[in-house]
Each structure stands twice: as C-alpha cells, then as structure tokens.
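K.L.:
The task is simple: from the sequences and hints, build the whole structure.
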Amino acid sequence: MEVDKGKGEAEETRKVAEADRDTVTLKSSDGKLFEVSKEAAARLSTVLAGMIAGGSIDDNGTDLKQIGSEALENVVDYCNKHANSIPSAALISSSISFNTAPFKEPEEWERKFVDRLSHDALFDLVEAANFLGMERLLDVTCHKISEMMKGKSPDQIREVFNIKNDYTKEELEEIRQELAWAFYDD
Amino acid sequence: MSIPTALFLKRRRGREPGASARYSVCRAGGAGPSVMARRRVRRPLGAGTSLVARSRAGQILLRRRPLAACREDRMSALPDDLLRLVLDRLDTRSALGTGMLSRRWAHLPRELAALDLRAVDMLPPRYHRLLGLYMDIRNNATVLHYRSGTLPKLAVDIRRYERRAMRAFTSAMESFLEGRPRRRINRLSLDFFTIGNAGCCMNRLVAEAIDAWGVEELEAVAKPSFNRQQGPPHGQDGIHSFPSHGLCKEPRASRLRSLKLGGCVLPPLHEYGALTTLILQGIPDSTPVAAYEGVFTLCPQLQTLHLISCSCRTSRGVSLTVVVDSPGSQIRELVVDKCKYFRKLVLKALPCLESVDSEQSVLRVY
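Going line by line, the protein sequences match chains A and B.
Each residue of the first sequence is one higher than the one before, counting from 1 in full-length UniProt numbering.
Each residue of the second sequence is one higher than the one before, counting from 1 in full-length UniProt numbering.
These aren't lab readings, by the way, just hints derived from the structure by calculation.
One should not assume that every hint holds.
Computed footprint of chain B on chain A, listed as stretches where at least three residues anywhere in the stretch have a Cβ under 8 Å from a Cβ of chain B [claimed, not checked]:
no.	region
1	120-132
2	136-144
3	148-156
Here are the computed distance ranges between Cβ atoms for each label pair [to be verified]:
no.	chain 1	residue 1	chain 2	residue 2	range
4	B	Arg159	A	Lys104	36 to 46 Å
5	A	Glu108	B	Arg332	15 to 25 Å
6	A	Lys164	B	Arg180	37 to 47 Å
For every residue, glycine included, the Cβ atom is placed at its ideal position computed from N, Cα and C.
P.N.:
Structure follows, in structure tokens:
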C-alpha cells in the first residue's frame with residue numbers, strides 16, 4: 001500500500017509498537033490518545049479514510065481538535081465493536097418499494113451502544129460522527145434522538161431537550177393552524 | 001409534567017427564601033418560559049444566586065429527572081442537515097409537530113423530503129375496536145354475541161367515526177395547502193376515505209404535490225368508506241375520481257418517477273414522461289379495456305407495472321380480455337395479482353419483459 005511509504009519516515013522518529021502497522025492513533029482535543037484499527041477507521045469514516053489514503057495520519061496521534069476525549073473514546077469503541085460484529089450487506093434496498101428507506105435499523109449492539117450514553121455524550125457523539133463523516137454512526141445516533149422524540153408533545157420534547165420556546169402566542173397559533181393535522185387529538 | 005411538580009415544590013419550600021431563589025435558578029434551564037416569566041416579575045434574580053445552584057432542591061430535581069436538569073440545548077445547536085436526519089426518522093405527524101418547538105425549528109418541517117398523510121391516523125383507537133367487534137360478530141355470530149340490531153348500530157358508529165376523521169383530515173389538509181407554502185418533496189403518500197366531497201381537497205393536494213412540490217414518488221390510495229366495503233363491490237360508489245384533465249395541470253413538466261394509485265378511476269397517464277414505475281391497485285370494474293391497454297401502449301417509458309386487484313367487467317359482470325400489444329414498451333417487470341375479474345390478460349408484444357409474476361389462469365403469453 002502507498003500509505004506504508006509515507007509511514008516509513010515517521011517510523012524512524014517513533015518507537016514502533018507491533019500493532020502500529022494496522023492501527024491509527026487519534027488525539028482528542030484534550031490531548032488523550034486512542035488507537036483504532038486502520039481498516040475499521042477507513043471503512044467507517046470517510047474523513048479518516050481520506051486522511052489515511054492521503055498519508056496525513058500522524059503516528060504521534062492525529063489531532064482531532066474538534067472532538068473531546070469522551071466522544072473520541074466512544075467513536076473508537078464503536079469502531080472496535082463494529083469490526084467485531086458481522087457486517088450485514090442489507091444496505092441495498094429492495095428493488096421497488098415505496099418505503100425506499102435508505103436507512104437500515106440499528107442492530108441490537110448498536111442500540112445498546114447508544115442507549116448507555118448520557119444526554120451530552122450522545123450529542124457529542126453525533127457531532128463527532130458528523131465531523132468524521134461516519135455515516136453509519138450518524139444514522140444510529142440520529143435514530144436514537146428521533147426515538148427520544150417519538151410520541152411526545154412539543155412541550156415534552158422541549159423539556160427533554162431543554163429547547164426554549166421563543167415564539168409569541170400569535171406566532172404559535174399561526175403555526176398550529178398550518179400544522180393542524182399534526183396536532184389533531186381524537 | 002414539569003409545571004405542576006414545580007408549583008408543588010415551590011409551595012412546600014415557599015417559606016425558605018434561599019431555597020426558593022436557588023430553586024428558580026435551577027429551573028430556569030428546564031421549565032417552560034411561562035413559569036420563568038412569572039417568577040422573574042415577582043423577584044428578579046441576582047447574579048450571585050446562580051453560584052449556589054447546586055442546592056438540595058436542585059439535586060433532588062437532578063436525580064429525579066436527569067434529562068430535564070439544567071443544561072444547554074444541544075439539539076437546537078446541531079446544524080440543519082443533522083436535524084433533518086433526525087426528522088427523516090420520525091413519522092410525518094411528529095416531524096411536522098417539531099415546527100412548534102421554537103423559531104429555530106420553524107422552517108424544518110417545510111423541508112421534509114417525504115410526507116405520509118394518512119386519514120387513518122385521525123381515527124381513534126375506539127374505531128378499530130368497533131371494527132374488530134363488527135367483523136367478529138359478523139363472521140362467527142354466536143347466540144351470545146348476536147342480538148338483532150347490534151350490527152347496524154355498530155355500523156352507524158363506525159361510519160360516524162370515519163366521517164369525522166375525514167372531515168378533520170380534509171380541513172387539516174386545507175390549512176396545509178393554504179397560502180401555498182413552498183415545499184420540496186420527494187415522496188408523498190396519501191391515503192383517504194372516499195366520503196362526501198373530500199375528494200376535491202385530495203385532488204388539489206395531489207395536483208399541488210406534482211406541479212409545485214416536484215414530487216417524484218407519489219402514492220394516492222382511496223379507500224371506500226365502511227358501508228361501501230360491506231355492500232356489493234360493483235359500481236362507481238366509493239371509487240375516487242381525479243379531475244378529467246388528469247392528476248395535475250402540467251404533467252409534461254412533472255418529475256414523477258413512481259406512482260401508485262388505489263381505489264380510483266384510472267386517470268390519463270401518458271404525459272408523465274419521467275414515470276417508470278406504476279402500481280395500480282383496486283382499479284374498478286368500470287374501467288374500459290382501452291384504458292388498461294393504453295397504460296401499456298401510451299406510456300412507453302414504463303419499466304415496472306403492477307396490477308393488483310384490478311378488474312375489468314361490463315355492467316352485467318362479464319369479465320373482459322385485455323390484449324397487450326406494445327412493441328415500443330420498455331416494461332421489464334410485470335406483476336398481475338388478484339385480478340380475478342380480468343378474463344384474460346393476453347401479452348402479444350412486450351419486448352423488454354424480464355419478469356412476470358401472475359396467476360397462471362389470467363395471463364396468456366404469445
């Protein structure tokens with residue numbers, strides 16, 4: 001692989017761990033280092049794949065200034081778990097169906113993975129996944145957020161996510177009119 | 001509910017001045033603005049009070065409702081495209097409802113790429129219970145269950161629920177269309193009962209969706225109301241019809257790729273140049289043979305055609321034969337299912353055909 005050429009020089013400056021060949025080191029905004037398998041990182045994150053292909057991976061830890069250590073730990077954890085689970089090829093949607101949902105339901109372990117996260121950790125992870133271009137992780141986390149909203153009234157959603165209602169009464173009434181269908185109670 | 005709890009706690013601790021102030025600081029993050037506003041009027045908060053926010057009251061609240069504790073609004077801070085990812089995973093009603101949350105959210109529901117507008121959602125659970133009961137009694141009428149008059153009475157209630165639901169649905173759709181808000185929608189799925197004059201509104205919705213919203217996948221399914229379902233399946237009653245000029249005003253400019261029509265008279269479809277997938281379901285007896293044949297010959301760009309529970313009979317109930325002779329057709333996939341009132345579907349020329357799925361008795365291939 002061409003990546004190895006670029007890495008040759010870097011290897012001299014740093015003592016090489018055995019696993020170094022197939023892992024990349026990522027550095028969080030607060031300077032913590034995490035290792036993740038190169039294969040999983042490239043497969044799950046378009047940004048990391050681009051960095052690996054472009055040789056811009058730093059063996060002393062690739063700086064990811066936008067991502068805190070807790071979120072990065074979750075990202076790495078997700079990558080490792082993903083590598084262990086059997087990848088399913090069901091992403092191709094069936095030939096014709098009106099519900100051409102490009103999104104595949106999260107698998108059991110993915111569900112558990114996001115369920116254990118705290119509120120803030122979940123949003124940190126969404127942002128990290130977005131930053132790293134991790135489509136599948138974005139799907140899973142957004143799915144979790146949507147589940148937290150399902151079946152709730154606007155008031156309840158505001159409470160869960162701490163959203164401030166900055167509408168005036170008149171504006172609110174106008175919107176309620178437009179979206180009457182959504183608020184029809186039997 | 002936040003407000004009753006808040007009021008209750010306030011009353012209990014009302015006489016301790018410190019606790020009450022601290023409490024209100026902590027609530028400032030989570031409570032509705034109305035509560036906040038009222039408290040602000042009574043006693044403006046000093047800057048120092050926020051430092052002692054981790055009071056006993058605050059911790060109790062934190063423990064009780066970890067999600068509603070004082071923290072920032074992470075959700076609204078997400079960029080629009082992420083919020084859209086979240087909304088795409090919600091059902092249409094909930095997704096539209098988020099427009100109510102705050103100004104930040106107001107424009108998002110208008111940008112939903114897919115809408116499922118279903119009159120059935122307007123029906124209360126009781127409707128489904130009654131319907132189940134009706135079927136149960138009718139199918140296994142035991143002496144215990146059956147009392148004369150029970151069934152008609154149930155039917156009256158069921159019909160009333162349907163009429164009410166459809167009235168509410170129609171008026172909701174009217175206000176949905178009002179002012180013709182700009183939308184960009186890929187997929188619209190609409191289902192409704194053919195009751196009263198609801199059809200007009202549905203036709204407007206379909207036309208607006210194709211002409212103005214640029215819908216690519218459209219599903220419009222009309223269901224007969226309850227008494228029609230129970231009556232003889234013949235005739236025009238309970239069948240929806242689109243305006244004589246067709247589904248929309250400018251079919252040639254439409255982006256429609258995929259169309260499913262159910263329970264309606266077949267409208268002219270030959271001008272939808274981008275249409276490649278067509279599913280017809282429950283097209284009524286009265287549809288002339290030429291209309292079916294026209295689908296094959298006049299829509300040469302079609303690649304997939306499903307005919308489900310479609311029929312073609314004379315007014316005396318004689319099934320007719322549909323002959324398909326369309327050398328220019330590009331149809332690759334043909335499904336004919338439950339079309340027992342086709343006498344025969346004769347395929348003479350369909351050059352691109354790759355797969356046929358059908359009951360043998362109906363289909364003849366030459």
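K.L.:
Now tell me if each hint is right for this structure.
P.N.:
Here's how the hints hold up against the structure:
1. 120-132: holds (count 5)
2. 136-144: With 4 residues close enough to chain B, the hint holds.
3. 148-156: Check passed, 7 qualifying residues.
4. B:Arg159 x A:Lys104: 36 to 46 Å: Given range 36 to 46 Å: holds, Cβ gap about 41 Å.
5. A:Glu108 x B:Arg332: 15 to 25 Å: Violated - the Cβ-Cβ distance for A:Glu108 and B:Arg332, about 37 Å, lies outside 15 to 25 Å.
6. A:Lys164 x B:Arg180: 37 to 47 Å: Check failed, 31 Å falls outside 37 to 47 Å.
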